[in-house]
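J.: Counting in our numbering, the sequence shown runs from 74 upward without gaps.
These aren't lab readings, by the way, just hints derived from the structure by calculation.
Treat the hints with caution; some may be incorrect.
Stated by the list, open to error - Derived BS3-like pairs (lysine-lysine); straight-line CA-CA distance at most 30 Å:
{"#": "1", "residue 1": "K164", "residue 2": "K175"}
{"#": "2", "residue 1": "K160", "residue 2": "K175"}
{"#": "3", "residue 1": "K81", "residue 2": "K154"}
{"#": "4", "residue 1": "K136", "residue 2": "K160"}
{"#": "5", "residue 1": "K136", "residue 2": "K154"}
{"#": "6", "residue 1": "K81", "residue 2": "K208"}
{"#": "7", "residue 1": "K136", "residue 2": "K153"}
{"#": "8", "residue 1": "K175", "residue 2": "K136"}
{"#": "9", "residue 1": "K153", "residue 2": "K175"}
{"#": "10", "residue 1": "K80", "residue 2": "K208"}
{"#": "11", "residue 1": "K154", "residue 2": "K164"}
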Amino acid sequence: MLNIELKKSIDEYIKNHFINVTLENDFSVESENVTKSGEKFGSDNKVTLDQLMNDIGDSFQDKLFSYIDESGMTDVEVYKKANIDRKLFSKIRSNPMYHPRKQTVLALAIALQLNIEQTVDLLTSAEYALSPGSKGDLIVKYFIEHEIFDIMTINFALDEYGQPILG
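Work out the full structure, taking the sequences as your base and the hints as a guide.
T.: What follows is the structure in structure tokens.
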């Protein structure tokens, strides 16, 4: 069981950040569509498919191993801290087309002690996002923002709230 102070803090965080997503919500968000190189595209400025394809960022594998190199940790240290299996890590290492589960990506971000921007960057490279409509995502975000990178504590909190654990 989580200690009472931590549970209250997580409850307050969820209360302040949770967005109840329903079909009735209006998601009219204005944003500029910009390629990685800064070129605007949209209804006024048509960008070709070739331009978009040339603007694709780093793959998940490239991002992950770049963050591992920056951390100074070994692969073994990372997958053990992430509480993931050596075979799974080997798949990620050896197969550039391997697409891990979101919980695996988050576990790796926690193991590498990435800040929230770096975590979002890693998630995006794997085609995921942190959702304000997901209690599990908010719990993970809470721990990252509070610089608590203990995977067991995070998994315990996720389980306490009935959310899928990381790893």
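J.: Has the given pair, K164 with K175, been kept, meaning a C-alpha gap of at most 30 Å?
T.: Cα-Cα ~15 Å, so holds.
J.: Is the hinted pair K154 and K164 satisfied, with a Cα-Cα distance of at most 30 Å?
T.: holds, 17 Å
J.: For the pair we were handed, K81 and K208, check the Cα-Cα distance against 30 Å.
T.: Holds, at about 15 Å.
J.: Hinted pair, alpha-carbon criterion (30 Å max): K136, K154. Please report holds or violated.
T.: Within the cut-off at roughly 18 Å; holds.
J.: Please work out if K160 and K175 have their alpha carbons no farther apart than 30 Å.
T.: holds, 17 Å
J.: Holds or violated: K136 with K153, Cα cutoff 30 Å?
T.: holds, 19 Å
J.: Does K160 sit within 30 Å of K136, going by the straight-line distance between their CA atoms?
T.: Given that 30 Å is the threshold and the Cα spacing comes to 20 Å, the pair holds.
J.: Is the straight-line distance between the alpha-carbon of K80 and that of K208 30 Å or less?
T.: holds, 13 Å
J.: Next pair to validate is K153 with K175; report whether the Cα-Cα distance is within 30 Å.
T.: Measuring from Cα to Cα gives roughly 17 Å; hence the hint holds.
J.: Can the restraint linking K175 and K136 be considered satisfied, given a maximum Cα separation of 30 Å?
T.: Holds, at roughly 15 Å.
J.: Given the proposed pairing of K81 with K154, does the C-alpha separation stay at or below 30 Å?
T.: holds, 26 Å
The structure meets every hint from the earlier list without exception.
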